[in-house]
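Those sequence lines, one after another, are chains A and B. With the first letter of the first sequence counted as 1, position 60 gets the number 60 in the working numbering; the numbers rise by one all the way through. With the first letter of the second sequence counted as 1, position 225 gets the number 501 in the working numbering; the numbers rise by one all the way through.
No lab work stands behind these hints: they were computed from the structure. Be careful, since some hints might not be right.
Claimed, not checked - Computed cross-link-like contacts, DSS-like style, restricted to lysine-lysine with a CA-CA straight-line distance of at most 27 Å: (1) Lys127(A) to Lys667(B); (2) Lys267(A) to Lys1064(B); (3) Lys424(B) to Lys245(A); (4) Lys502(B) to Lys59(A); (5) Lys1097(B) to Lys105(A); (6) Lys105(A) to Lys506(B); (7) Lys267(A) to Lys679(B); (8) Lys211(A) to Lys1064(B); (9) Lys424(B) to Lys1071(B).
Said to hold, decoys possible - Sample of chain B residues at the chain A side, in silico, Cβ under 8 Å: (10) Gly315; (11) Ala316; (12) Lys319; (13) Ser357; (14) Glu389; (15) Val390; (16) Asn504.
The beta-carbon is built from N, C-alpha and C at its ideal position, and this holds for glycine as well.
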Amino acid sequence: MRKLVIIAVIFTTISSYAQNWGNFGKQQASITPNVIVDNSELQCLYQHTVYDTILAEHKDFYEILEIGKYYSKYGNYGSYQLDSALNELGDTPITNDDFKILANKYDPSWECIIKNIQTESLKVYGKIFTDRYVYEEEIENIKWDLHKEHQIICGYECYKATTTFRGREWIAWYSDIPLSNGPWKFGNLPGLILKVEDSKQEHVFTAIMIKRDQTDFGYKKFQYFKTTRQKYNESLIEYMNESHKFFTGDLQPRNVDGSPLKIQKRKRFFNSIELE
Amino acid sequence: MKKYEIIILLLLLHIHIQCIAQLNIVGSVISIDGECIMGASIKVYDAQQALMAYAISNAKGRYLVTLNDTTDSYITITCSSLGHKNATRKIHTDSISQSIDFILHQSDIEIKEVVVKAPAIRTIGDTIQYNVGSFMSSTDRNIEDVIKRLPGIQVEENGQIFYNGESINKFYIEDLDLLGGRYTIATRNISPKDIASISIYENHQSKQVLKEITTSDKAALNLKLKDNKKLKPIGYAQIGGGYGDEINWLAELFGMIISPTNQTIATVKGNNSGNSYIPETQILTSTNTHNTISEDIFTQYPFGEASIPDNRYLRNQSATTTLNTLFKVNKNSSISAYIDYTYDANHYNNNVITRYISDNNNTIQVIENNHSQLKNHIANIRVKYENNSNKLYVLEELKINGKINDNLYNVANNTNIKQSLNTNNYNITNDFTTIIRNNNNLYEIKSLVCFSNTPRNYIDVTNTNKEEFVFRQTAEGLAFYTKESTSFSWLLGHNSQLGSDITFEARYDEFYSKHFQSDNISNNENRNKGYKIITSIVPFYQFKNEHITWRTEIPVRMYNIGYEDILNSSDYILNKPFIDVRSSINFNFWGHIKSVFTIGREHNIGDIDNIIINPINTTYRQQIVMGAGIIGERVNNYTSFTATYRNSLSGFFGSLRAMYNIIKSNTISSSYISSQNSTYSSINTSNKGSNASIILNISKNKRSWNTTFSLSGSAIYLRRQTYRQNEMLNIKSQIYSIAADIYSTFWEDRISANINCRYGTSIQYANEMNTIIDELTMSCNITLSPIKNWDIFGKLYFNLPEPSISTMLNNTFIDCGTRYKFNKITFELTGSNLTNKHIYTYTQISNYDQYIYSFSLRPIEILFSVRYDF
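Here chain A stands alone, though its shape is the one from the complex:
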């Protein structure tokens, strides 16, 4: 009798576990909240074309600059779209299945740069492998050389400026929009930068949309390891070039017999924007 009860309990546990597992998709999604820093009135969407010199490939990434009164954020457009979609739902709960559909559609990533205009500093929120990092630095007072050339970009008359920044020579085109900001860490020109590219065209940022929506913005409330710019960049380069080395310890995949499974050496698509 006792044995029967134990067996019944085990089967009930297994079946309820299976049921829970099978019901996971229908459960309410637990979404990491955002730490809101400001409200933006102007957004500028950039197409960021990157060329990986080792893989000899180009890839396009879409990134959005949200400009508020005291802060600005530069991050992935997919995460912006996903946040917008979730904001539209408001308090309506969303299931894990629904969230998965949205995440697959927008393919978000939560890395971003938040500039604090008051303190003239910025924070970079990044990710390497499974860990999240943050480092802080002063907003660099980039010294630009102004030129006479001009062209139309994204519907605005833009003027040329050049500089050397973080190991690359850059050509920027800034508009009359009175915002000293731009993609990535760029700024310090008398107008919003609508295009900037390095002399080798390995990184090209081009504005493709300017719009005015009132949206809150911030960063995800993850657990971040504090680090420095140099350490973060070094680790990122190592991970993107040799990610197989990161599968160690508890993360090492194993064969059925418990022996370590050899991970193939693989270079991920990457070209470090900062060379120094």
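Following the hints, position chain B against chain A.
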């Protein structure tokens, strides 16, 4: 003024100038509420309104501008901040001592919202990327419909793709060659909604090991899928039914899965609504197949083929199944395989009036009413391994192909004839290539082996009136071909390369034909066999820099030919070297103008058909004599020039090709026409011919109008000699054509229209006789999308043969349809040939002879289909 006073004055002036050269302007920016405005732009302009310097206000609203080198007496300072009205001050440079503060008034943000459409065409080096979304219309059924619209690209009726007038040499999906040149499987089945971009790789060198060393004049095309279309099966399933003069049906299934390490495409299709699937499994890039002499002796269409799409006149039963798969073994290596089977059973009715010029310019007219029934079975298998890295290229490819034809032709003329064609043909080809790059040296080994067999190939002719057998004509053959080559080269410095290719080619053929008459007396028999060996050494020199590539080759070929006419116990032996030359210069000019100039001389030395000297009936009345009984020698002296220009920013593509050839030959074609039969042969006589051609292609995409314009024109001049009725004819032909194409979408893409117009004329002078034939063709496709997911489309095709003579005889077709999409299901209703036109007529001239064709058309037909996209 005293001297020292002057000096002091000058000194003060100098100091004053120095002070102006280093001027600091400071100040604050605040709002009318007294709040500091940070991030405001302060710009300083000189008297000519050129920007001199600027600053950005800090968190406390303070700014500092440093001016250098100004001699202007006044400057203009503008202060602007988002959400505030601009403020401007004109300041004399003398009075910049106190702080210059700005008080800005609030104002509505006046920023215009802008959305830039993704650039339709982008150029990165030699790669042109077309954004599919910019060219796609909601009415497009497959990616071929989009490709046809891309400026610089032309697509033929059979699906073959040309870029700036040259056929593409590779077709990739995600940079992998899954289909081996059979790319119509992809272009006619993949939905444009699954494709992100189409890239053209100009001057495409597919072998990494040869990059930067040799380039190609041809381009490759690559399809890039949208990210969310990878790693999962995509495709469609479609069924349909309808009625014309019989029940029509359609059933198709297409599936594809693309991942970084595997690509698979599978199709299963069938229909009797007029669409043949043979074009889908044809290799449209270059191929190494070598067939027997006998394979194409009997044509599938001995009584004519219409110049309109097959689905207008062929009554078909078609089916196909294909499986194509590719696995990436590692970064550089892949294994791919495909297998396909196609069945085509077509029948059609046509009428041919042939007017032959015979003796003394008399005309022999032959009228034939034909009913043709064609049955084809085609199967292909291919397995390929390829390693394509910077230092090593290895290719091992095995292909097997089989074709079975079983055709029947019923011909009504003065008598009623039944002619049947039965052909079996098999071909096995193995291609092995390895190229090794070691520092500056290249080593190459190639081996190509082909075996072809046509074990059964004959036509039977029966007189149906008398129900008696007239004759059987067989033509069977066997061929073995191998080509082994090696190549080595050295890089001399940065720009030059010296090397040599050594090639050994050998071909062995057997041919047997026999003509059996009803009285069982066999005559007109051929039994031949022999070999042809070509040993070549081709030294070459190449100079290459950023703008010019010059390559010169001097092929020295030793021909060893031994053919035997077994029945006549005759041998035909040739052992002789020939020296050719070829030189080409590629120029790359600024602004993306590329040009190629080529000059050369090439010998073509005989094949086994040169010694096949007894007649072979190819139809009930046509005979051919393949050879003149002498090993043919032909010399081609040629020159050509090609220039291509592209400006992808403005969407303009253009190409111009000019070519001139002089050909000398030791044999000449001959024909003799009688009321009973027509005989075509070759005779041993030296003769010369020439041809010149100019082809122009231009296309321009005007983004602001959503319109692409294309214009193409050609002029071809031919001179040659031939014998007719034992009399020498000097024939001069001039063929001109011009075609214009416009594609446009408007009203927010709700209407799309494609208009095409083509005019062509052929003028032939043959001794004292002139013949002129011209033709005008126009087509117009319009699609209207009044509401989302609902399309109404119509197509008008107008053809006027010989408009210079009469406009009455025209061929006009109208098709229309409607389509509604609900989620993933599309319902479509189409009507074809709504004018219920029964006959299509056109005229051709060839040599002296005129052919007037009339084809019986498929009647008005309705087809309803349902398609599910997944």
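Next item on the list: Run the structure past the numbered hints and jot down the numbers of the failing ones, going up.
Entry: Numbers 1, 2, 3 and 7 - these are the hints that the structure violates, sorted from lowest upward.
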